[in-house]
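For the sequence shown, our numbering assigns the number 1 to the initial residue and increments by one for each residue that follows.
Source of the hints: derived by calculation from the structure; they are not laboratory data.
Mixed in with the good hints there might be a few duds.
[Unchecked claim] Calculated cross-link-like contacts (lysine-lysine; reagent style PhoX-like; alpha-carbon spacing at most 20 Å):
hint, residue 1, residue 2
1, 101, 79
2, 101, 80
3, 103, 50
4, 103, 180
5, 16, 80
6, 198, 221
7, 147, 103
8, 16, 101
9, 101, 50
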Amino acid sequence: MFGYVAASLRSCVLVKEEDAGEAYVTSSTIRIPDYRLVTNDGYEFLVEVKNFHQSNPSAPFSLDSSYVDGLLQYAALLKKDLKFAVYWSRWNLWTLVSADKLKGVGSERELTITEALQVSEMSSLLGDLHLGTTPPLVLRLRADTTKPRAVEPSSSQVIFTIGAVEFYCAGRLIVDDLEKSLAFYLILYGDWVESESKADVKDGELVSIDFESRPRESEPKQEFEIIGSLSSMASGKYNDLTLSEGGVERLSPDAEPDSLVLHVPHGYRGKDLPLWRLKVEPPQK
1 MFGYVAASLR SCVLVKEEDA GEAYVTSSTI RIPDYRLVTN DGYEFLVEVK NFHQSNPSAP
61 FSLDSSYVDG LLQYAALLKK DLKFAVYWSR WNLWTLVSAD KLKGVGSERE LTITEALQVS
121 EMSSLLGDLH LGTTPPLVLR LRADTTKPRA VEPSSSQVIF TIGAVEFYCA GRLIVDDLEK
181 SLAFYLILYG DWVESESKAD VKDGELVSID FESRPRESEP KQEFEIIGSL SSMASGKYND
241 LTLSEGGVER LSPDAEPDSL VLHVPHGYRG KDLPLWRLKV EPPQK
(Lines of atoms letter the chains of each structure in order from A and count residues from 1; the text may use other names and numbers.)
(Lines give C-alpha, C1' and ligand atoms only; values in the text may rest on other atoms or scores of the structure.)
Protein backbone atom coordinates (compact mmCIF):
# COMPACT_ATOMS: atom_id res chain seq x y z
CA MET A 1 0.00 0.00 0.00
CA PHE A 2 2.78 2.45 0.89
CA GLY A 3 4.09 2.72 -2.67
CA TYR A 4 0.64 3.66 -3.97
CA VAL A 5 0.05 6.16 -1.17
CA ALA A 6 3.46 7.81 -1.58
CA ALA A 7 2.99 8.11 -5.35
CA SER A 8 -0.55 9.48 -4.96
CA LEU A 9 0.70 12.47 -2.93
CA ARG A 10 2.62 13.82 -5.96
CA SER A 11 5.81 14.83 -4.13
CA CYS A 12 8.06 12.08 -5.51
CA VAL A 13 9.51 11.66 -8.99
CA LEU A 14 10.41 8.05 -8.17
CA VAL A 15 8.87 5.42 -5.89
CA LYS A 16 10.68 2.13 -6.50
CA GLU A 17 10.63 -1.28 -4.81
CA GLU A 18 14.19 -1.63 -3.57
CA ASP A 19 13.99 -5.26 -2.46
CA ALA A 20 12.59 -6.55 -5.77
CA GLY A 21 14.85 -8.77 -7.87
CA GLU A 22 18.10 -10.52 -7.04
CA ALA A 23 20.81 -9.02 -4.84
CA TYR A 24 24.15 -10.45 -3.71
CA VAL A 25 25.85 -9.19 -0.56
CA THR A 26 28.99 -10.22 1.31
CA SER A 27 27.38 -10.04 4.75
CA SER A 28 24.43 -12.16 5.87
CA THR A 29 23.35 -9.45 8.30
CA ILE A 30 22.58 -6.88 5.60
CA ARG A 31 18.86 -6.32 4.98
CA ILE A 32 17.40 -4.52 1.98
CA PRO A 33 14.64 -1.95 2.72
CA ASP A 34 11.32 -2.05 0.89
CA TYR A 35 11.50 1.18 -1.14
CA ARG A 36 13.75 3.82 -2.63
CA LEU A 37 12.17 7.26 -3.01
CA VAL A 38 13.33 10.40 -4.79
CA THR A 39 11.40 13.58 -3.99
CA ASN A 40 10.61 16.35 -6.45
CA ASP A 41 13.56 18.38 -5.15
CA GLY A 42 16.00 15.48 -5.61
CA TYR A 43 16.30 14.10 -2.07
CA GLU A 44 16.82 10.33 -2.24
CA PHE A 45 16.23 7.98 0.70
CA LEU A 46 15.30 4.41 1.63
CA VAL A 47 12.11 3.31 3.36
CA GLU A 48 11.23 0.20 5.34
CA VAL A 49 7.45 -0.23 5.60
CA LYS A 50 5.66 -1.81 8.55
CA ASN A 51 1.99 -2.45 9.28
CA PHE A 52 1.34 -2.19 13.01
CA HIS A 53 -2.06 -3.00 14.52
CA GLN A 54 -2.08 -2.28 18.23
CA SER A 55 -4.15 -4.63 20.36
CA ASN A 56 -3.26 -2.24 23.17
CA PRO A 57 -3.74 1.38 21.98
CA SER A 58 -0.75 2.58 24.01
CA ALA A 59 1.61 -0.18 22.84
CA PRO A 60 4.74 1.14 21.08
CA PHE A 61 5.89 0.04 17.65
CA SER A 62 9.04 -2.04 18.11
CA LEU A 63 11.65 -3.89 16.05
CA ASP A 64 14.57 -6.10 16.96
CA SER A 65 17.72 -3.97 17.04
CA SER A 66 19.64 -6.46 14.90
CA TYR A 67 16.95 -6.11 12.21
CA VAL A 68 17.28 -2.32 12.23
CA ASP A 69 21.08 -2.57 12.16
CA GLY A 70 20.91 -4.78 9.06
CA LEU A 71 18.84 -2.15 7.25
CA LEU A 72 21.23 0.58 8.36
CA GLN A 73 24.15 -1.41 6.95
CA TYR A 74 22.52 -1.40 3.53
CA ALA A 75 21.71 2.32 3.78
CA ALA A 76 25.34 3.06 4.71
CA LEU A 77 26.60 1.13 1.67
CA LEU A 78 24.46 3.33 -0.60
CA LYS A 79 25.10 6.46 1.48
CA LYS A 80 21.36 7.07 1.84
CA ASP A 81 19.17 7.92 4.83
CA LEU A 82 16.89 5.19 6.16
CA LYS A 83 13.34 5.92 7.28
CA PHE A 84 10.50 3.80 8.60
CA ALA A 85 6.98 4.19 7.23
CA VAL A 86 4.60 2.76 9.83
CA TYR A 87 0.93 2.21 9.06
CA TRP A 88 -0.92 2.34 12.37
CA SER A 89 -3.81 0.32 10.99
CA ARG A 90 -5.96 0.60 14.11
CA TRP A 91 -6.16 4.35 13.45
CA ASN A 92 -5.61 4.35 9.66
CA LEU A 93 -2.60 6.65 10.14
CA TRP A 94 0.79 6.82 8.43
CA THR A 95 4.00 8.13 9.98
CA LEU A 96 7.41 8.45 8.31
CA VAL A 97 10.31 8.68 10.76
CA SER A 98 14.09 8.60 10.47
CA ALA A 99 15.77 5.48 11.82
CA ASP A 100 17.60 7.50 14.47
CA LYS A 101 14.26 8.46 16.06
CA LEU A 102 13.65 4.89 17.24
CA LYS A 103 14.70 4.54 20.88
CA GLY A 104 16.80 1.63 22.09
CA VAL A 105 15.00 -0.37 24.79
CA GLY A 106 16.88 -3.54 25.69
CA SER A 107 17.38 -5.54 22.51
CA GLU A 108 14.72 -3.57 20.63
CA ARG A 109 14.11 -0.17 19.04
CA GLU A 110 10.69 1.32 19.63
CA LEU A 111 8.49 4.36 19.15
CA THR A 112 5.03 5.24 20.43
CA ILE A 113 2.39 6.63 18.09
CA THR A 114 2.57 10.00 19.88
CA GLU A 115 6.33 10.18 19.42
CA ALA A 116 6.02 9.08 15.79
CA LEU A 117 3.43 11.75 14.97
CA GLN A 118 5.62 14.47 16.51
CA VAL A 119 8.60 13.69 14.27
CA SER A 120 6.80 12.35 11.20
CA GLU A 121 8.00 13.58 7.80
CA MET A 122 4.88 12.55 5.86
CA SER A 123 4.10 16.21 5.11
CA SER A 124 7.60 17.64 4.71
CA LEU A 125 8.87 14.88 2.39
CA LEU A 126 5.82 13.25 0.81
CA GLY A 127 3.41 16.20 0.68
CA ASP A 128 0.78 14.79 3.00
CA LEU A 129 -1.83 17.31 4.16
CA HIS A 130 -4.55 17.41 6.79
CA LEU A 131 -7.84 18.71 5.37
CA GLY A 132 -10.43 20.68 7.28
CA THR A 133 -13.87 22.05 6.50
CA THR A 134 -17.02 23.22 8.27
CA PRO A 135 -19.37 20.51 9.58
CA PRO A 136 -21.66 18.89 8.91
CA LEU A 137 -21.31 17.42 5.43
CA VAL A 138 -24.60 16.11 4.07
CA LEU A 139 -25.39 13.88 1.11
CA ARG A 140 -29.06 14.33 0.18
CA LEU A 141 -30.96 12.01 -2.15
CA ARG A 142 -34.04 13.75 -3.50
CA ALA A 143 -36.93 11.62 -4.69
CA ASP A 144 -38.16 12.02 -8.26
CA THR A 145 -41.56 13.67 -7.77
CA THR A 146 -42.82 12.34 -11.11
CA LYS A 147 -42.44 8.72 -9.91
CA PRO A 148 -44.18 6.75 -7.12
CA ARG A 149 -42.71 7.54 -3.69
CA ALA A 150 -45.48 6.81 -1.21
CA VAL A 151 -44.48 5.45 2.19
CA GLU A 152 -46.29 2.18 2.95
CA PRO A 153 -48.08 2.67 6.30
CA SER A 154 -47.85 -1.01 7.28
CA SER A 155 -44.08 -1.37 6.85
CA SER A 156 -42.78 2.21 6.71
CA GLN A 157 -40.96 1.20 3.53
CA VAL A 158 -40.80 3.20 0.35
CA ILE A 159 -39.68 2.39 -3.17
CA PHE A 160 -38.56 5.52 -4.97
CA THR A 161 -36.47 6.80 -7.87
CA ILE A 162 -33.64 9.23 -7.18
CA GLY A 163 -34.37 12.53 -8.87
CA ALA A 164 -31.31 14.47 -7.71
CA VAL A 165 -28.19 14.10 -5.57
CA GLU A 166 -27.20 17.15 -3.52
CA PHE A 167 -24.34 17.96 -1.18
CA TYR A 168 -24.38 20.46 1.68
CA CYS A 169 -21.64 21.91 3.87
CA ALA A 170 -22.78 23.51 7.14
CA GLY A 171 -26.27 23.81 5.66
CA ARG A 172 -25.12 25.46 2.43
CA LEU A 173 -25.88 23.83 -0.94
CA ILE A 174 -22.73 22.97 -2.91
CA VAL A 175 -23.12 23.84 -6.59
CA ASP A 176 -19.56 23.64 -7.97
CA ASP A 177 -18.81 20.27 -9.63
CA LEU A 178 -15.28 20.03 -8.18
CA GLU A 179 -16.59 20.75 -4.70
CA LYS A 180 -19.36 18.15 -5.11
CA SER A 181 -16.74 15.53 -5.97
CA LEU A 182 -14.58 16.63 -3.05
CA ALA A 183 -17.51 16.54 -0.61
CA PHE A 184 -18.36 12.99 -1.70
CA TYR A 185 -14.71 11.94 -1.35
CA LEU A 186 -14.51 13.43 2.16
CA ILE A 187 -17.75 11.72 3.21
CA LEU A 188 -16.52 8.35 1.93
CA TYR A 189 -12.94 8.43 3.20
CA GLY A 190 -12.73 11.11 5.88
CA ASP A 191 -12.66 10.49 9.64
CA TRP A 192 -16.02 12.01 10.48
CA VAL A 193 -18.83 9.79 11.73
CA GLU A 194 -21.94 9.16 9.67
CA SER A 195 -25.16 9.56 11.63
CA GLU A 196 -28.31 7.57 10.96
CA SER A 197 -30.02 8.52 7.72
CA LYS A 198 -32.92 10.95 8.06
CA ALA A 199 -35.97 10.79 5.84
CA ASP A 200 -38.10 13.84 5.03
CA VAL A 201 -41.69 12.68 4.51
CA LYS A 202 -44.59 15.00 3.67
CA ASP A 203 -48.21 13.97 3.18
CA GLY A 204 -47.18 10.31 3.16
CA GLU A 205 -44.64 10.75 0.37
CA LEU A 206 -40.85 10.70 0.55
CA VAL A 207 -39.19 14.03 -0.23
CA SER A 208 -35.55 13.19 0.48
CA ILE A 209 -33.09 11.17 2.55
CA ASP A 210 -30.08 12.77 4.27
CA PHE A 211 -26.77 11.09 5.13
CA GLU A 212 -24.87 13.35 7.51
CA SER A 213 -21.19 13.25 8.56
CA ARG A 214 -19.88 15.05 11.64
CA PRO A 215 -16.69 15.03 13.76
CA ARG A 216 -16.71 12.66 16.74
CA GLU A 217 -15.94 15.69 18.89
CA SER A 218 -16.08 19.33 17.87
CA GLU A 219 -14.84 22.66 19.17
CA PRO A 220 -17.70 25.20 19.00
CA LYS A 221 -15.35 28.21 18.87
CA GLN A 222 -13.28 26.77 16.03
CA GLU A 223 -14.03 27.86 12.47
CA PHE A 224 -13.36 24.44 10.96
CA GLU A 225 -12.74 20.79 11.90
CA ILE A 226 -10.11 18.39 10.56
CA ILE A 227 -11.69 15.57 8.56
CA GLY A 228 -8.52 13.58 7.87
CA SER A 229 -5.18 13.42 6.07
CA LEU A 230 -4.63 12.73 2.38
CA SER A 231 -2.57 9.63 3.20
CA SER A 232 -5.33 8.19 5.41
CA MET A 233 -7.99 8.85 2.78
CA ALA A 234 -5.80 7.35 0.05
CA SER A 235 -5.36 4.27 2.24
CA GLY A 236 -9.11 4.02 2.75
CA LYS A 237 -9.71 4.07 -0.99
CA TYR A 238 -6.86 1.58 -1.54
CA ASN A 239 -8.52 -0.80 0.92
CA ASP A 240 -11.87 -0.37 -0.85
CA LEU A 241 -10.22 -1.41 -4.12
CA THR A 242 -8.31 -4.40 -2.74
CA LEU A 243 -10.36 -5.82 0.15
CA SER A 244 -13.75 -7.48 0.41
CA GLU A 245 -15.74 -8.90 3.31
CA GLY A 246 -13.97 -12.21 2.73
CA GLY A 247 -10.49 -10.69 3.01
CA VAL A 248 -7.89 -9.65 0.45
CA GLU A 249 -9.41 -9.65 -3.04
CA ARG A 250 -6.35 -8.41 -4.97
CA LEU A 251 -2.79 -7.50 -4.00
CA SER A 252 -2.88 -4.11 -5.72
CA PRO A 253 -5.73 -1.97 -7.04
CA ASP A 254 -6.66 -1.90 -10.70
CA ALA A 255 -6.12 1.86 -10.74
CA GLU A 256 -3.35 4.42 -11.01
CA PRO A 257 -1.93 5.76 -7.71
CA ASP A 258 -3.00 9.30 -8.60
CA SER A 259 -6.66 8.22 -8.48
CA LEU A 260 -6.43 7.48 -4.74
CA VAL A 261 -6.43 11.19 -3.86
CA LEU A 262 -8.82 13.85 -5.13
CA HIS A 263 -6.40 16.70 -5.72
CA VAL A 264 -7.52 20.32 -5.73
CA PRO A 265 -5.55 23.24 -7.20
CA HIS A 266 -2.88 24.78 -4.97
CA GLY A 267 -4.26 27.68 -2.95
CA TYR A 268 -7.90 26.72 -3.56
CA ARG A 269 -10.02 27.91 -0.62
CA GLY A 270 -13.46 26.75 -1.71
CA LYS A 271 -16.75 28.47 -2.43
CA ASP A 272 -19.63 26.57 -0.85
CA LEU A 273 -17.19 24.02 0.61
CA PRO A 274 -14.56 26.00 2.54
CA LEU A 275 -11.28 24.11 2.64
CA TRP A 276 -8.31 24.30 5.00
CA ARG A 277 -5.09 22.43 4.23
CA LEU A 278 -2.59 21.95 7.05
CA LYS A 279 1.00 20.89 6.49
CA VAL A 280 2.43 19.39 9.68
CA GLU A 281 6.22 19.44 9.84
CA PRO A 282 8.56 17.92 12.45
CA PRO A 283 10.58 20.17 14.79
CA GLN A 284 13.63 21.74 13.20
CA LYS A 285 16.97 20.29 14.30
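The hints, checked one at a time:
1. Restraint check: the Cα-Cα separation between residue 101 and residue 79 comes to about 18 Å, which is no more than 20 Å; the hinted pair holds.
2. Between residue 101 and residue 80 the alpha-carbon distance is near 16 Å, which keeps this suggested pair within the 20 Å criterion.
3. At most 20 Å may separate the alpha-carbon atoms for a hinted pair to count; residue 103 and residue 50 meet this at roughly 17 Å.
4. Taking the CA atoms of residue 103 and residue 180, the gap is about 45 Å. The hint is violated against a cut of 20 Å.
5. Annotation: proposed proximity of residue 16 to residue 80 holds, straight-line Cα distance about 14 Å (limit 20 Å).
6. At roughly 27 Å between alpha-carbon atoms, residue 198 and residue 221 are farther apart than 20 Å, so this suggested pair is violated.
7. Only pairs whose Cα atoms come within 20 Å are accepted, and residue 147 paired with residue 103 is rejected, the gap being roughly 65 Å.
8. Taking the CA atoms of residue 16 and residue 101, the gap is near 24 Å; set against the 20 Å cutoff, the hint is violated.
9. The suggested pairing of residue 101 with residue 50 holds, with an alpha-carbon distance near 15 Å, which does not exceed 20 Å.
The structure fails to meet hints 4, 6, 7, 8 from the earlier list, while all remaining hints are met.
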